[in-house]
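Asks: Taking the hints as your guide, dock the two standalone chains into a single complex.
Listed below, chain by chain, are the residues.
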Amino acid sequence: MAILVIAEHDGKQLKPGVTNTVAAAAKMGGDITVLVAGHQCSSAAQAAAKVAGVKKVLLCDAPHYTGGVAENVAALVLSVAEQYTHIVAPATGFGKNFMPRVAALLDAQQISDISAVEAPDTFVRPIYAGNVLATVQSSDRIKVITVRATAFDAAGEGGSAAPVENLAPAPDAGLAQFKGQELSKSERPELTAARIIVSGGRGMGSAENFKILEALADKLGAAVGASRAAVDSGFVPNDYQVGQTGKIVAPELYIAVGISGAIQHLAGMKDSKVIVAINKDSEAPIFAVANYWLVEDLFKAVPEFTAEL
Amino acid sequence: MKVLVTVKRVIDPYVKVRVKSDGSGVETANVKMTMNPFCEIAVEQAIRMKEAGIVSEIVAVSIGAQQCQETLRTALAMGADRGILVETGAEMQPLAVAKVLKAIVAKEQPKLVIVGKQAIDDDSNQTGQMLAALLGWPQAAFASGIAINGESADVTREIDGGLEKLTVKLPAVVTADLRLNEPRYVTLPNIMKAKKKPLEVVKPDALGVDVAPRLKTLKVQEPPQRGAGVKVADVKELVAKLKNEARVI
Numbered sequence: 001m002a003i004l005v006i007a008e009h010d011g012k013q014l015k016p017g018v019t020n021t022v023a024a025a026a027k028m029g030g031d032i033t034v035l036v037a038g039h040q041c042s043s044a045a046q047a048a049a050k051v052a053g054v055k056k057v058l059l060c061d062a063p064h065y066t067g068g069v070a071e072n073v074a075a076l077v078l079s080v081a082e083q084y085t086h087i088v089a090p091a092t093g094f095g096k097n098f099m100p101r102v103a104a105l106l107d108a109q110q111i112s113d114i115s116a117v118e119a120p121d122t123f124v125r126p127i128y129a130g131n132v133l134a135t136v137q138s139s140d141r142i143k144v145i146t147v148r149a150t151a152f153d154a155a156g157e158g159g160s161a162a163p164v165e166n167l168a169p170a171p172d173a174g175l176a177q178f179k180g181q182e183l184s185k186s187e188r189p190e191l192t193a194a195r196i197i198v199s200g201g202r203g204m205g206s207a208e209n210f211k212i213l214e215a216l217a218d219k220l221g222a223a224v225g226a227s228r229a230a231v232d233s234g235f236v237p238n239d240y241q242v243g244q245t246g247k248i249v250a251p252e253l254y255i256a257v258g259i260s261g262a263i264q265h266l267a268g269m270k271d272s273k274v275i276v277a278i279n280k281d282s283e284a285p286i287f288a289v290a291n292y293w294l295v296e297d298l299f300k301a302v303p304e305f306t307a308e309l
Numbered sequence: 001m002k003v004l005v006t007v008k009r010v011i012d013p014y015v016k017v018r019v020k021s022d023g024s025g026v027e028t029a030n031v032k033m034t035m036n037p038f039c040e041i042a043v044e045q046a047i048r049m050k051e052a053g054i055v056s057e058i059v060a061v062s063i064g065a066q067q068c069q070e071t072l073r074t075a076l077a078m079g080a081d082r083g084i085l086v087e088t089g090a091e092m093q094p095l096a097v098a099k100v101l102k103a104i105v106a107k108e109q110p111k112l113v114i115v116g117k118q119a120i121d122d123d124s125n126q127t128g129q130m131l132a133a134l135l136g137w138p139q140a141a142f143a144s145g146i147a148i149n150g151e152s153a154d155v156t157r158e159i160d161g162g163l164e165k166l167t168v169k170l171p172a173v174v175t176a177d178l179r180l181n182e183p184r185y186v187t188l189p190n191i192m193k194a195k196k197k198p199l200e201v202v203k204p205d206a207l208g209v210d211v212a213p214r215l216k217t218l219k220v221q222e223p224p225q226r227g228a229g230v231k232v233a234d235v236k237e238l239v240a241k242l243k244n245e246a247r248v249i
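As you go down the protein sequences, you meet chains A and B in turn.
Under my numbering, the residue at position 93 of the first sequence is numbered 93, and the numbers go up by one with no gaps.
Under my numbering, the residue at position 84 of the second sequence is numbered 84, and the numbers go up by one with no gaps.
Okay, chain B solo, but in the shape it has when bound (with noise of 0.2 Å):
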């Protein structure tokens, strides 16, 4: 079965996002960007389900500029087998994602389409959602575990008190959570055979997708600061300054 993957470009995790001065923005210049951390682990989900033998191909999508390459080309020197980018300099929301993706997905006919459940940088925690329902199609999201027993998925989901059994019918768009996978670096002898693979490249006019965002940013700012604490000496000020202080306790 052919599985579908997205990979988003995203300021890396650890670097410290600065707010632009005229808080419209957060600055991306000359910041160091890598792949949305969930991405990575919806393309090493579905690099372990081929090696296990359940997935024959797997074409890795991402939306975005054009150095939305390099992002692809990592999914691919990790096993993916092609790229497509949809390139475009406009700012996508969820919604205008969703609607390229389902576009795609019409043309490649995946029965299974992975994503990241959430992405790093405006933590929205939709797409895979919102694809699933433009599709028609089931989704099981917020994903740990996923078994594929014939036509139909049976996918473990981490919920806010544990974990939930769901078994979905497919196709079916499931989101990767933190738990499903770890993971694998890329190797250089596969980041050289990476640039082999094909990498399509499409403009979302070309799809018939209308992407204008819905939501303006009216402005971006640095939360409040907490203001400086104080060091205790030991448990005794500790608990002290609890009871007496904060009156928490």
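Just chain A, with the same shape it has in the complex (with noise of 0.2 Å):
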């Protein structure tokens, strides 16, 4: 058996669940070659050869990567695919992109955000928004398989780099140009690889009530997310979203201020280590998952908090 795993990295580094997934790669069996397709990404490839549990890198440097667009990712995933039984990819905005477009031209249906590996074949998946989980076996010949990073602990630094090999482009595909990114601005750290994340939900108010919740972030080192319904609100960009439409996080302490707790905003952090849930609604559903629960005025405990610390 041999897995490909494809990096998502900004150029410089790999992003936070690529050393996840080689972990889950890894409970696959097989040698593990990771691909960094990108624009000026060597040192992404370099990071990558520290890894543990990696046999080898293919570096890929092409113009026509920048953005991980997916119809030329695709064609390049699968200019190497027939050497591998499984192509594994992070279940973030980028492997959700381009993977499917590869599973459908190896005719394979692929397996989507698993969060556990019983067998080569076999793999546990949340479905309907992680209230309920499938187990699945593959009868694919090349199994494409994307993954939940945060049910899988991050592999470590191995003990010699591996190899880093080049690859040679697959040609511009001409469908789709990327034309640039809007990056939301931020000191803080990623939602995704925080270790400790501060939410806010419609109990904040408004926007310039968030403040309060950043001023607790940033004595914590944490990073800020928020409901959905909080994001609807125009509180707070779309990407801080945590939940089954937003993002999948599982950091050590989750702290849910004013969030009543909709299933949707659960399925997105109920995988948190210790779950703090502060609201002033004593039947607030979020109270079911938190391991302390505080009923209060979050425009008294909050601040009371942060001065705490």
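Treat the hints as calculated values from the structure; they're not laboratory data.
What you are looking at is a predicted structure, and each value in this text was computed from that prediction instead of being measured.
Among the hints, erroneous ones may be present.
As the list claims (entries may be wrong) - Mimicking EDC-like on lysine to aspartate or glutamate, the simulated pairs with C-alpha atoms at most 16 Å apart in a straight line are:
1) B:241 with A:252
2) B:243 with A:190
3) B:231 with A:297
4) B:102 with A:107
5) B:219 with A:118
6) B:236 with A:296
7) B:231 with A:296
Replies: Now the structure itself:
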């Protein structure tokens, strides 16, 4: 067996979910090759070579891989796919975008968002917003898999760096053109990589009021998240959203403030190690998943919390 | 230009899902069903483009049991022009769905296909991308904005750190994300009108498509429940617990 992991990176570094994806691949058994495709991304390839369990890194550097354009990345993966039994990527915006293209062109039924590896052909994946776990077995020759990074511990650094080989680019498909990104600028850690997350819901009341959460987050070195209700109300941008339709997170500490706990939000955070809920409604469903819960007005509790630290 | 939209019939997202006692699947008997929320957004987008004079005809497609006709009628009541049901009682996995849609696209020749980014039952998030691949078309997945610009579409996409701008050549497949629009409610007069709109029923065999499932579901189960939590009296106690008991701060 041979496994190809497609790395997500920003040119310099690997994105947080990649080492977890390598750890998931290791459970499938077989030699692991990591593909780093992009433009001017050799530092990311060097980083991939140091991840424990990685046997080889393929580096493909060409301008038409900028922004991870799905048509081009999929064509590149297909050019080497026949050498592997498993093709694996993180189930992030990057992986979800191009992997189904790879699967369809290999005539394989992708297995999305796996949370456990039972056997080389058998995987567990959450369905119905994580309210149900399905164990599925694939009969496809090449298995195409996306990985829920938070379900696997990250692979550490290996003893010696794996060799990095250059891979010739596939032609530019010319179907889609990447025009640029508008990334939210923040000094705080990324949501999916943060050790602590402070999240706000509809109870925050306004964008202005999120400042008290930000103050708490900065004291804790935490990322700031939000429920879909807070995003829909326009308090914060969509990339703050934690939940079934947003990001799936599992930090060591998740502090939910003014969040009632809709199923769709719980789906995104209920695997966090310790959950704290602060809400003035003593009936809020969020309390059912919380390790510690405080019934209090958030506008009193949050500044107090910040002052206590 | 003609647009094809897809609609999936799913368990209502506000209904608590129950696992069958034998672990073979999820209970769907006597459970409230509805149109997948992301499909609603796809239908709404097509209608808005028709209202803006960009789109001439909207064809809605559903795949599944006979009851999917209801879901199609909802799409017609929202404003789609006609419906096609690919009727089957078999389990349809995303690859099979994409193959069926490819056959429909070959017949209908739309210039744009808009699908929901994901169905809230199996949470696969694959069909649109697979369809684009099988057709050899570009894709714009997780769209929060679409502007047609001659023979191409400028799409704003939701990515993990913010937004991305992408230009795709037409024909293309777009998958709808949450913020693309807010779907309208259907009104009674439109529900009545929708009853008169054409709805064609075809079988997968007639399309010459192999729809056999590739994934075998061995079992389904509920995830482990979290233990009962502790109510704290005030912030002081909370901070003390986090420091000394949970040791996370």
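Asks: Evaluate each hint against the coordinates.
Replies: Results of checking the hints against the structure:
no.: 1; hint: B:241 with A:252; verdict: holds, 14 Å
no.: 2; hint: B:243 with A:190; verdict: violated, 23 Å
no.: 3; hint: B:231 with A:297; verdict: holds, 15 Å
no.: 4; hint: B:102 with A:107; verdict: holds, 14 Å
no.: 5; hint: B:219 with A:118; verdict: holds, 12 Å
no.: 6; hint: B:236 with A:296; verdict: holds, 13 Å
no.: 7; hint: B:231 with A:296; verdict: holds, 11 Å
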